[in-house]
Amino acid sequence: MRWLPLAFVAALAVYPLVFSMPFPQHVVIMALLFATLGTAWNILGGLAGQVSFGHAMYFGIGAYTAAWFYKGFGLSALVTWPVALAFSTLAAVVVGLPTFRLRGHYFVLASVFIMQAVYIIVSNWGAVGAAIGLELPVYRPSGALDALWHLQFHMSKLPFYYGILLLFVITLAAFEWIRRSRLGLLFVALREEEDAARSVGVDTMRYKLLALIVSAAFTTLCGMFYAHYVLYVEPISTTSLTISVEIAFIAIFGGIGMLWGPTLGAFVIVPMTELLRAHLSGHIGLGLAGAQDSGIAAWLKYLAAGGGGQLDILLYGLMIVLIARYQPRGVLGFFRKLD
Amino acid sequence: MPLLLKVRGLTRKFGGVFANNDISFDVAAGSVVGLIGPNGAGKTTVFNLITGFLTPDAGEVRFEDRDITGKRPDLLSRRGIARTFQVLRPFPRLTVEENVMVGPIARGESMAAARQRAGECLELVGIRHKAKDLARGLSTGQRKRLEMARAMATQPRLLLLDEITGGVDQPSIPGLIALVARLREEGVTLLVIEHNMRVIMELAEKVVFLHLGEKVAEGPPAEIARHPRVVELYLGSHA
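Chain order of the listed sequences is R and H.
Counting in my numbering, the first sequence runs from 1 upward without gaps.
Counting in my numbering, the second sequence runs from 1 upward without gaps.
None of the hints are false.
Heads up, simulated EDC-like pairs for lysine to aspartate or glutamate below, C-alpha to C-alpha not over 20 Å straight-line:
{"id": "1", "chain 1": "H", "residue 1": "Lys-132", "chain 2": "H", "residue 2": "Glu-120"}
{"id": "2", "chain 1": "H", "residue 1": "Lys-71", "chain 2": "R", "residue 2": "Asp-203"}
{"id": "3", "chain 1": "H", "residue 1": "Lys-71", "chain 2": "R", "residue 2": "Glu-194"}
{"id": "4", "chain 1": "R", "residue 1": "Lys-71", "chain 2": "R", "residue 2": "Glu-135"}
{"id": "5", "chain 1": "H", "residue 1": "Lys-206", "chain 2": "H", "residue 2": "Asp-26"}
{"id": "6", "chain 1": "H", "residue 1": "Lys-71", "chain 2": "R", "residue 2": "Asp-195"}
{"id": "7", "chain 1": "R", "residue 1": "Lys-157", "chain 2": "R", "residue 2": "Glu-274"}
{"id": "8", "chain 1": "H", "residue 1": "Lys-6", "chain 2": "H", "residue 2": "Glu-214"}
Label-pair distances were calculated between CB atoms; the ranges are:
{"id": "9", "chain 1": "R", "residue 1": "Ile-120", "chain 2": "H", "residue 2": "Gly-137", "range": "47 to 53 Å"}
{"id": "10", "chain 1": "H", "residue 1": "Glu-186", "chain 2": "R", "residue 2": "Pro-271", "range": "56 to 62 Å"}
{"id": "11", "chain 1": "H", "residue 1": "Glu-123", "chain 2": "R", "residue 2": "Val-169", "range": "38 to 44 Å"}
It should be emphasised that the hints constitute simulated quantities derived from the structure, not laboratory data.
Glycine is no exception: its CB is placed at the ideal position from the N, C-alpha and C atoms.
Hey, can you work out the whole structure from these sequences and the hints?
Following this line, the structure appears as structure tokens:
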């Protein structure tokens with residue numbers, strides 16, 4: 001089984017050369033983005049055991065920093081990433097210091113509340129476009145270097161594809177390196193039994209903060225990627241509770257604490273969501289079921305069509321119930337040897 | 001013998017009820033002191049106050065003649081105070097060896113050095129053959145030994161043992177008594193909570209008897225065992 005991860009990454013590297021159409025490439029880019037987000041989340045949630053439903057805040061910090069500097073000064077994430085990481089570290093400390101005193105469910109709740117507060121602030125803050133958001137101006141690069149400087153590549157998705165693949169591999173490597181290191185042992189000790197960890201000398205506040213800062217940093221980089229890829233950031237798709245839950249859900253669904261868990265989760269859930277949206281809503285239009293449809297079929301198509309109905313959310317719910325009932329350790333729990 | 005631990009006027013209330021009220025006692029370096037009393041006497045509260053898991057409402061704890069009242073547990077661990085828990089708290093999904101390595105790692109030791117020390121401590125408590133097993137697979141007796149190994153790996157000068165024999169079957173008790181005696185030979189001063197009077201008589205030089213949060217008596221075990229209030233409160237039902 002050891003070759004499986006390598007084969008997977010190799011297959012990912014070849015994939016866009018085989019599937020050259022934009023949509024199949026887009027689906028895997030989004031899957032890789034969420035696999036990276038889930039893996040970053042897993043450093044805090046899986047290793048250090050601090051379940052956060054507020055990670056979209058760090059995603060938003062990355063996305064907005066990238067968008068704001070590019071729109072205002074023409075500086076891309078290639079230059080501004082240290083600024084974004086400084087912001088995310090500051091935010092992690094401000095959030096972590098008070099909330100890590102809380103334990104278990106209280107930390108989860110606090111992370112949700114802070115997330116919602118940030119969402120409301122961003123949605124009303126004129127300087128970052130409030131609810132409308134920020135658009136990154138489209139730029140016609142004069143050559144390869146110019147394109148790289150601006151992170152704009154005409155219609156080609158390939159640079160983004162390999163960019164997120166690289167970030168994905170780095171994040172996975174970071175997770176595994178931490179897990180095997182002395183730091184990882186301290187993270188897992190505080191996850192498993194916090195008081196016992198303190199009794200043998202682990203400064204649990206310090207290590208929780210460290211886990212959050214590292215986790216937030218990778219999440220922020222994902223946000224920067226997203227801004228340059230989509231060229232548009234607004235609150236709902238970056239710094240909302242929906243995104244927070246999606247990040248956490250992908251990791252929990254796939255296998256919390258396990259190296260490949262979030263990746264498995266992302267590659268099941270993201271394509272499913274994208275395909276549902278693309279195929280089911282495509283030929284139904286505005287959610288009006290065709291005359292030949294009736295009953296459940298019509299209802300499902302209505303849900304899928306986006307007219308207030310969100311079939312993907314319904315399926316999330318179903319999967320949460322199934323996974324909680326049959327394999328609380330996530331899908332990867334069925335294949336323990338992979339880990 | 002010089003004093004290692006000095007407890008003065010320790011007081012802690014939970015919602016108006018005194019869990020500890022004005023408790024004072026000393027622990028001499030190199031000695032074994034027993035803390036006994038009926039359920040609800042406040043023994044574990046004393047432990048939590050000394051090890052920093054609780055902050056006293058009043059009173060003072062001095063360790064090696066320095067005030068350590070209200071200091072954080074992890075800092076006290078570094079100063080040389082270790083403890084076990086009455087409700088055992090191994091890191092269930094770490095191996096037995098990794099459980100013991102956490103303390104040395106938290107002090108900045110390398111993986112190899114921590115593994116070495118873990119091996120020594122597991123040898124000392126007699127469960128080295130379980131080193132690679134997950135901690136959650138251990139029996140209660142083995143978990144008690146694991147907790148002692150984990151505490152010993154922090155190289156403590158004072159070790160607080162919360163219930164040496166509680167929840168363990170009769171045949172395992174002599175082995176645990178021998179183990180505690182061995183820990184003492186390692187040069188560690190011990191403060192132990194124990195329900196089993198036979199165990200205390202065998203191990204401790206001094207016994208502090210608590211009842212309803214107050215110190216009722218203090219002295220050599222044989223004397224405490226004859227103390228009228230102790231007999232009435234504690235031994236009466238057994239004798």
